Amino acid sequence: MSRVLVVDDDPMLCRFLELSLGFHGHGVETARDYPAGLRAALRCAYDLLILDVFLPGGSGLDILRRLRAGPGREVPVIVLSGHHQEEIADRALDAGATAYVGKPFLLESLVGEIERLTREVPEPCGDDTATLPTASSS
Amino acid sequence: MTVWHPLVVAAELAVLGYFAVLNVLYTLFGYLGLRSVVTEARQQSELALKDMLERDLEMPVSILVPAHNEERTIVASVHSMLSLHYPEFEVIVACDGPTDATLQRLIDAFALVEEPRLYRRAIATRPVLRTFRSLRHPNLVVLEKENGGKADALNAAVNLARYPLIAALDADSVLDAEAILRASRRFLEDEAVVAIGGTIRPLNGAEFVDGRVSALRVPRRWVERFQVLEYGRAFFTGRSGWSRFGALLIISGAFGLFRRDPVVEVGGFWTGTVCEDMELVVRLHRHYREMGVPYRILFTPDPICWTEVPSTMRQLRRQRNRWHRGLWETLWRHRDMIWNPRYGRLGMLAMPYFLVFEALAPVVEVVGYVVLVLGLAFDFVNVPFALMFVGLAVLFGMLLSQVAVGVETMLLARYPRVRDRGLLLLAAVLESLGYRQILALERFAATFQVRRRRGEWGPMRRTGIPAPQPEPEPSPV
Amino acid sequence: MWRRYGDAAYGLLVLTVFTVEVVTLGVLTVLFSMGLLGRAPGAVLGEALIGAVGLTGLAVLALTLYVLVYHGLTRSRERHQASQLEAWTEVWVRALYRTGPLPPMPLPRPGLRAGLEMRELLGGEDGRAFAGLLERAGVGDDLLASLRSRGRVRRLEALDGLGWARFPSAFNPLLDHVRTAPSEVERLMASRAAARTLAEFPAGPERESGAAAFAGTLARSGLPAGAAGEMLLLLDKAAPPVLERPLAIPELPVPLLRAGVDAIGRLGLVDLSEVPAGVAAHPDPEVRASALRAMGRIGTLPGDAGESVVRSLHDDIEFVRVQATRAAGLLPRRTALPALWNGLGDPSWWVRRASAESLHRLGEPGALTLRQAAARHPDRFARDMAAQVLRDAAASTGAAGGPEEGVA
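Order-wise, the sequence lines are chains L, V and A. All residue numbers for the first sequence refer to the working numbering, where the first residue is 1 and numbers rise by one. All residue numbers for the second sequence refer to the working numbering, where the first residue is 1 and numbers rise by one. All residue numbers for the third sequence refer to the working numbering, where the first residue is 1 and numbers rise by one.
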């Protein structure tokens, strides 16, 4: 059981991940745009983040960079993007993504990846100055 | 006096008749244009775009960017071009003898290294002094050449281009991420397509994310707002309609996609005009008509390129003056095509239309104003009638703008806020009160400056993408 | 992107408004001409003018109202649609995880949309399994029924839907549609959907026979070669049986042959390298060039294809020589090095460039020849070109290679 934050502007994808990851026992929260995504990400209440690159109001990679520069140095982040572009994958990994998953994806491998990554990192936030709110997963 | 009376009234009637015919034509184009939007919106398949992105289906494109003194914006523009959604492309920036730090900014920002480059000089240009390549972006090439004007810079870039499609792009333009993808698909699906023009919209007021336009707001100044309407109306004054009709004459210099070979074959961009974009299109038409080879030059109603428009009346007048002279230069160079049945619809309809309803329009408009003033002064004209005529003209102008705002409404993410829409509607009213008349006068003046100011550009000021910056810098070309 | 609703109504409104305006202006012009000749009294003119101003004002008002109403409706409509899509996503996810029933047919638009998007989102086996679920729910039958509809828009939407869904059962009806559709747009969309569907067939006799049918249909579809080529690339793993024997297709148009040969190269189908080799001496220069390029891309010269390459190095046509020069890198070193050395002195810039690039790709022996050429090739242009390519290579080590296209 881990807490996952999905930042993506596609409401269907959000709902899809919310439900299907839910069936696999993960609690999912979603943010639909850059400001909300950034706020949620910096709250540091999650075991893993799934980020889209192009968001209304900003780039998902910027959220990632802010996260890596501050409290979320260790949180595993999967960048999920619609286009099979090596260039985006490279930029994502440069910005500090733990993994890159392109669409379309196999559910099993996405879930497998999430489980692998959340097992490896015991603490969501490496920085102890960050407040840890109580988990709020559905 | 009595001799003059019928003359003045006749002149008024002629002006009235002229605008009546013009409006009939707008109606026709508007209808054809809307029809093409309605059908294309339904034929457009997201699937096709996805397929193109994900597989190796595309035709590689060379993006040509002529730049003179653009130190403020050039780095941001090139960044935005390098972040296009397209599998294979290169960006060629042609620095046309800049006198500011344009080249240095590029060298610093993209880690350019000088590198002599052999290429085929398919089109003669002013000497290329140096070529550079980026250590960071393998698909960026920059060349520095002696100043020769925009057309010359474009030709130098065409020489260096290595891909089968070329996109001529202004340095102050930003492409929609999928713009080239949508346009290049047409080349793939139809081998007769030689050129495609895209819809151009003012960039002023746009918000950026990652070098791409993410949202559009109505710009701050009224001059810019009026231009938003004008660019919207341009849709009705022809492009879509002419394209359907097979006689599209204008592909805006801000964004046009061409097959490289035909462009080289006809000799590239003509340096003798300030409107090299229109002239090239006319020459391509001419070339293919003369050869008797089937070809297509298309316009796509997809909004695909944003360009920075002048934000002060002074710059705007200069720009319109230049455009109008360019129109005359092109028409003059190809004057033998006008009313020439050998060129089909182009010679019999499109070219005469441009002569009568575009090139001569400001003359007729100004004559109309003069006659009106004269008539009022000498009491030939019934004052209430005259006022009502003016009212009718203003209302009709509003009508066209309103129709254009309506078209904008159907586009996703365009001026989505109610306030923005309201401002545009208001701009449609206000633009008839002075703005239009000033521009008509400027174009009227331009008509008589064609010979004297041949090929002259006049300074263009840039305020900068993405963040508007003050202190523009005049830069004579 | 354009919104797909309200535009037709808007078109109608604009047409009406403009027609009214044109008539008004016409009447005014006629009346005032008569007035000039003294045949219409001032009062009539005045009334006509007031009428015209009034009508135009009404038209402006009508358009303004439309814009505002459309704007308002769009906002609530889009919000509603987004929530509908989410609700439908939930329905489909529950069906996928067997915690909910399959939705009843006919599906509302968001239901279909959500299903199709999920189909596209899920890769490989997951995607196929989900397609099966959509089909069990009846989506396939529904789309096929729309395909037979009389409304063009409905047919186009059905074709788009089938392209997303990729139902095996729709493959033959789609091919029929390619054969019978009245417009090129429909034929193109139908063949796209068919190609995507065929690409999902598992290997086996069904894929083989499907491929044969697809090849025959595509060859007679009248689609432009560029579009046909695109369809061939969409086939992915199902491409080999389609491309195996292009010459066996009766009356295959030359552009399609070219597209097929090109697809073999782009897909890198080593097993089919005999096909381009077989047409490397084709009378059509474009086909020759495509064949040489395909072999260059695949990276093998089967059988006696090497001889065709050597012969094409002296072809009269520039772009054939360019492709031959690129493929020449695959010849045995003994033949390749001197041939490319000669190519450096070709009158065509493109051939010189291609020769230098091919030499560069040959590794150390090629680089050595290139350095020698830069120093002492008898032709000045050859020396320049060799030096240029050496510089390019040094500048972009590991970056993008030479141009694939771009030959005149």
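Treat the hints as calculated values from the structure; they're not laboratory data. These numbers come from a predicted model, not from an experiment. Any given hint could turn out to be false.
Pairwise CB distance ranges (calculated) [stated by the list, open to error]: (1) A:213 - V:336: 49 to 57 angstroms; (2) A:81 - V:418: 53 to 61 angstroms; (3) A:394 - V:418: 56 to 64 angstroms; (4) V:46 - A:34: 43 to 51 angstroms; (5) A:40 - V:28: 43 to 51 angstroms.
For glycine and all other residues, C-beta sits at the position ideal for the given N, C-alpha and C.
Status of each hint after checking the structure:
no.: 1; hint: A:213 - V:336: 49 to 57 angstroms; in the structure: 54 angstroms, holds
no.: 2; hint: A:81 - V:418: 53 to 61 angstroms; in the structure: 20 angstroms, violated
no.: 3; hint: A:394 - V:418: 56 to 64 angstroms; in the structure: 58 angstroms, holds
no.: 4; hint: V:46 - A:34: 43 to 51 angstroms; in the structure: 56 angstroms, violated
no.: 5; hint: A:40 - V:28: 43 to 51 angstroms; in the structure: 28 angstroms, violated
Violated hints, in rising order: 2, 4, 5; the structure is consistent with all others.
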